[in-house]
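Residue numbering for the sequence shown follows full-length UniProt numbering, beginning at 1 and increasing consecutively.
For the record, the hints were derived by calculation from the structure and aren't laboratory data.
Check before you lean on any hint, since a few could be wrong.
What the hints assert, rightly or not - Have a look at the derived ranges for each label pair, beta carbon to beta carbon:
1) H33 / P181: 41 to 49 Å
2) K229 / S9: 28 to 36 Å
3) N83 / A174: 19 to 27 Å
4) D175 / D94: 38 to 46 Å
5) I187 / E16: 28 to 36 Å
6) L128 / D224: 36 to 44 Å
7) N115 / S23: 17 to 25 Å
Stated by the list, open to error - With a Cα cut of at most 20 Å, we get these calculated PhoX-like pairs of lysine-lysine:
8) K219 / K205
9) K40 / K208
10) K205 / K191
11) K125 / K81
12) K218 / K205
13) K191 / K218
14) K219 / K41
15) K208 / K218
16) K41 / K81
17) K81 / K219
18) K81 / K191
19) K208 / K229
20) K38 / K81
21) K191 / K41
22) K218 / K41
23) K219 / K208
24) K67 / K81
25) K81 / K208
26) K229 / K219
27) K81 / K40
28) K67 / K191
29) K219 / K191
30) K67 / K41
31) K229 / K214
Backbone N, C-alpha and C fix where the C-beta goes; we use that ideal spot for every residue, glycine too.
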Amino acid sequence: MTTRKNMNSIEQLHHEPVFSCLSDEEFQRIASHIFLRKYKKGQILFYEGDRRDRVFYLQDGLIRLEKNDPSANFCYIDYVKHNTFFPYGGLFTDESYAYTAYAATNITIYYVPANIFEEVVLGNKQQLLFIYKNLSRVLSYHEIRIRNTITPSASERIVQALAIWMIDLAEENADGSMTIPYPLTIIELAKMSGTTRETAGTVVKSLKEDGFIKYERKKFTFVDVDHFKAYLS
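When you get a sec, could you build the whole thing from the sequences and use the hints?
Next comes the structure, spelled out in structure tokens:
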């Protein structure tokens with residue numbers, strides 16, 4: 001379902017960092033082209049290679065991104081959490097999407113034509129600087145992901161993948177632990193770390209027994225946050 005109703009929620013987007021530096025006039029130009037859509041879990045937003053004609057702001061839920069190498073022997077997997085703009089990669093340059101995007105849960109998402117968003121942002125230096133800083137953050141994140149893929153130890157790759165999930169998706173609890181508020185399976189962890197389900201399950205079981213994590217109802221809680229941060233340094 002696609003709609004342009006609920007203008008109050010659209011106006012609230014002006015307070016989000018990716019739009020907050022825009023003037024009222026600039027934001028209204030974008031707002032007049034914003035659409036709100038709901039997807040069910042498993043639905044596809046776009047395929048790798050599709051024309052990059054929209055940019056998105058995920059209001060609620062989790063999105064999974066996948067990209068296969070030409071040989072189909074390796075699958076790059078990433079996730080987009082709620083209250084996040086994407087994709088930063090390809091802004092102002094690419095004609096097509098670099099990966100396929102799936103709804104990993106039921107989601108609510110805004111989208112706007114990419115050409116409108118880019119034209120407005122290019123005219124606002126502060127907002128452009130915000131985009132640049134986030135592109136730098138994304139590049140740093142991908143450097144960590146690349147390092148993860150070349151780690152020879154399967155066990156270390158699994159722990160590194162969990163550390164990446166923690167930093168990218170988890171939210172802090174009152175006791176200092178961090179919980180990912182979305183269900184993620186052992187199979188997904190295995191795919192992300194390039195291992196088997198059995199190996200990933202064994203490592204998760206060991207981490208639970210050692211008190212580093214909790215894994216209940218497919219949700220990860222990181223009890224010892226510093227233990228996982230050490231794998232990203």
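Outcome of the hint check:
no.: 1; hint: H33 / P181: 41 to 49 Å; verdict: 30 Å, violated
no.: 2; hint: K229 / S9: 28 to 36 Å; verdict: 35 Å, holds
no.: 3; hint: N83 / A174: 19 to 27 Å; verdict: 20 Å, holds
no.: 4; hint: D175 / D94: 38 to 46 Å; verdict: 42 Å, holds
no.: 5; hint: I187 / E16: 28 to 36 Å; verdict: 33 Å, holds
no.: 6; hint: L128 / D224: 36 to 44 Å; verdict: 39 Å, holds
no.: 7; hint: N115 / S23: 17 to 25 Å; verdict: 19 Å, holds
no.: 8; hint: K219 / K205; verdict: 14 Å, holds
no.: 9; hint: K40 / K208; verdict: 32 Å, violated
no.: 10; hint: K205 / K191; verdict: 17 Å, holds
no.: 11; hint: K125 / K81; verdict: 26 Å, violated
no.: 12; hint: K218 / K205; verdict: 13 Å, holds
no.: 13; hint: K191 / K218; verdict: 16 Å, holds
no.: 14; hint: K219 / K41; verdict: 17 Å, holds
no.: 15; hint: K208 / K218; verdict: 13 Å, holds
no.: 16; hint: K41 / K81; verdict: 14 Å, holds
no.: 17; hint: K81 / K219; verdict: 14 Å, holds
no.: 18; hint: K81 / K191; verdict: 19 Å, holds
no.: 19; hint: K208 / K229; verdict: 17 Å, holds
no.: 20; hint: K38 / K81; verdict: 15 Å, holds
no.: 21; hint: K191 / K41; verdict: 19 Å, holds
no.: 22; hint: K218 / K41; verdict: 16 Å, holds
no.: 23; hint: K219 / K208; verdict: 13 Å, holds
no.: 24; hint: K67 / K81; verdict: 18 Å, holds
no.: 25; hint: K81 / K208; verdict: 24 Å, violated
no.: 26; hint: K229 / K219; verdict: 19 Å, holds
no.: 27; hint: K81 / K40; verdict: 15 Å, holds
no.: 28; hint: K67 / K191; verdict: 12 Å, holds
no.: 29; hint: K219 / K191; verdict: 17 Å, holds
no.: 30; hint: K67 / K41; verdict: 19 Å, holds
no.: 31; hint: K229 / K214; verdict: 16 Å, holds
Checked against the numbered hints given earlier, this structure breaks hints 1, 9, 11 and 25; the rest are met.
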